[in-house]
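**Q** The task is simple: from the sequences and hints, build the whole structure.
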Amino acid sequence: MSGGRSEYFPCREAVVVPVRGEIDIATADDMRDHVLRAAHPSPATVLKEGVAVRAGAGRRGPAPRPGSPCVIVDLSGVEFFDASGVRALMSAYRVLTREGRHMVLAEPSAAAARILETLRMDEVFEIYPIVEMALANSHAAQADADRVRRAPGTE
102 MSGGRSEYFP CREAVVVPVR GEIDIATADD MRDHVLRAAH PSPATVLKEG
152 VAVRAGAGRR GPAPRPGSPC VIVDLSGVEF FDASGVRALM SAYRVLTREG
202 RHMVLAEPSA AAARILETLR MDEVFEIYPI VEMALANSHA AQADADRVRR
252 APGTE
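Position one of the sequence shown corresponds to residue 102 (the numbering used here), numbered consecutively onward.
Worth double-checking, as some hints may not be accurate.
[To be verified] The following label-pair restraints were derived from C-beta to C-beta distances:
{"id": "1", "residue 1": "126", "residue 2": "231", "range": "24 to 30 Å"}
{"id": "2", "residue 1": "201", "residue 2": "180", "range": "30 to 36 Å"}
{"id": "3", "residue 1": "180", "residue 2": "230", "range": "14 to 20 Å"}
{"id": "4", "residue 1": "127", "residue 2": "234", "range": "28 to 34 Å"}
{"id": "5", "residue 1": "237", "residue 2": "130", "range": "30 to 36 Å"}
{"id": "6", "residue 1": "184", "residue 2": "237", "range": "28 to 34 Å"}
Please keep in mind that the hints were generated in silico from the structure rather than gathered at the bench. Note that the structure is predicted; figures quoted are calculated from it, not measured. Every residue, glycine too, gets a C-beta built ideally from N, C-alpha and C.
**A** Shown next, in the form of structure tokens:
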């Protein structure tokens with residue numbers, strides 16, 4: 102990510118991961134790793150396709166589960182976006198889905214929206230026009246899940 106910052110904003114039910122800069126073959130894997138690091142609380146965990154490698158541990162195992170159930174990838178700061186970026190988003194999506202998490206895209210810039218639309222990625226991802234709508238949906242989904250968990254006979 103050219104000039105990208107690695108900050109993220111955790112919410113009660115979601116983590117918002119801003120992506121900025123040019124996303125192409127040279128930066129797409131960095132973007133994927135940025136999304137996956139933000140989705141996991143341990144900065145010492147490096148994720149590759151759902152396998153966690155803890156720094157210094159020298160062993161591999163399943164990716165850790167702790168973290169926000171919903172990851173919102175904010176694409177508003179993207180200046181250039183090609184098919185490599187789509188591949189990287191799909192890779193992060195597969196990892197998070199295997200962990201039982203949900204990943205959505207929000208506020209795609211014109212550059213990102215163009216390729217997402219061309220490749221019909223709205224059939225794969227939930228894409229929200231603004232981050233706030235994605236957050237509202239995340240809160241509603243979490244409230245529904247909480248109600249189901251508390252329902253009699255479901256424990």
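**Q** So which hints don't hold here, by number, going up?
**A** Of the numbered hints given earlier, the structure breaks none, since each of them holds.
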